[in-house]
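Residue numbers for the sequence shown follow our numbering, beginning at 103 and rising by one.
Calculated from the structure, these hints are not laboratory results.
Backbone N, C-alpha and C fix where the C-beta goes; we use that ideal spot for every residue, glycine too.
Warning: the hint list may mix true and false statements.
[To be verified] Calculated pairs, DSSO-like style, for lysine-lysine (alpha carbon to alpha carbon, straight line, at most 27 Å): (1) Lys146 with Lys162; (2) Lys146 with Lys215; (3) Lys215 with Lys176; (4) Lys176 with Lys162; (5) Lys176 with Lys146.
[As the list claims (entries may be wrong)] Computed spacing ranges between beta-carbons, pair by pair: (6) Ser147 with Asn104: 45 to 53 Å; (7) Glu223 with Ala158: 16 to 24 Å; (8) Pro166 with Gly193: 27 to 35 Å; (9) Asn104 with Ser195: 49 to 57 Å; (10) Pro206 with Gln174: 20 to 28 Å; (11) Glu223 with Ala159: 17 to 25 Å; (12) Asn104 with Gly201: 23 to 31 Å; (13) Asn104 with Thr186: 55 to 63 Å; (14) Gly193 with Glu173: 30 to 38 Å; (15) Gly193 with Gln224: 30 to 38 Å; (16) Gly220 with Val155: 25 to 33 Å.
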Amino acid sequence: MNLKTLLAISSLASIFVSCANDDPSTLIDSTPINGLATYSQNVKSIIDNNCVVCHAAVPKNGAPMSLVTYEQVKNAVLNRGLLTRISLENGDSSLMPQGGPRLPQATIDIINKWNQDGLLEQ
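Please put together the full structure from these sequences, using the hints given.
Structure follows, in structure tokens:
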């Protein structure tokens with residue numbers, strides 16, 4: 103057996119071994135929130151990283167409103183359908199962030215929890 107063959111077999115074996123324990127319950131993309139979700143601790147970073155590109159202080163790319171402050175995001179949840187828009191399936195023309203992909207469900211769940219917990223700022 104030559105060196106190339108040995109390396110190829112070793113590489114494939116390590117790939118198969120590393121994929122052997124993909125338990126869906128351990129594949130969480132964020133830490134669950136214990137206690138109440140708040141805008142400053144849990145939601146602001148999600149909005150800043152996924153929405154403010156278009157929903158800036160001066161909205162861009164046809165965005166109808168800014169999502170820079172707590173009050174603006176709270177208003178979007180209460181009056182502008184933010185939770186509905188981020189919960190749509192990939193391919194839906196109304197999905198936000200516009201053009202997708204859909205936010206991970208765990209991220210959407212954080213914003214839903216914030217809503218259920220009363221939209222607290224801090």
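Against the structure, the hints come out as follows:
{"no.": "1", "hint": "Lys146 with Lys162", "in the structure": "holds, 19 Å"}
{"no.": "2", "hint": "Lys146 with Lys215", "in the structure": "holds, 14 Å"}
{"no.": "3", "hint": "Lys215 with Lys176", "in the structure": "holds, 13 Å"}
{"no.": "4", "hint": "Lys176 with Lys162", "in the structure": "holds, 20 Å"}
{"no.": "5", "hint": "Lys176 with Lys146", "in the structure": "holds, 11 Å"}
{"no.": "6", "hint": "Ser147 with Asn104: 45 to 53 Å", "in the structure": "holds, 51 Å"}
{"no.": "7", "hint": "Glu223 with Ala158: 16 to 24 Å", "in the structure": "holds, 20 Å"}
{"no.": "8", "hint": "Pro166 with Gly193: 27 to 35 Å", "in the structure": "violated, 22 Å"}
{"no.": "9", "hint": "Asn104 with Ser195: 49 to 57 Å", "in the structure": "holds, 55 Å"}
{"no.": "10", "hint": "Pro206 with Gln174: 20 to 28 Å", "in the structure": "holds, 23 Å"}
{"no.": "11", "hint": "Glu223 with Ala159: 17 to 25 Å", "in the structure": "holds, 19 Å"}
{"no.": "12", "hint": "Asn104 with Gly201: 23 to 31 Å", "in the structure": "violated, 48 Å"}
{"no.": "13", "hint": "Asn104 with Thr186: 55 to 63 Å", "in the structure": "holds, 59 Å"}
{"no.": "14", "hint": "Gly193 with Glu173: 30 to 38 Å", "in the structure": "holds, 32 Å"}
{"no.": "15", "hint": "Gly193 with Gln224: 30 to 38 Å", "in the structure": "holds, 37 Å"}
{"no.": "16", "hint": "Gly220 with Val155: 25 to 33 Å", "in the structure": "holds, 28 Å"}
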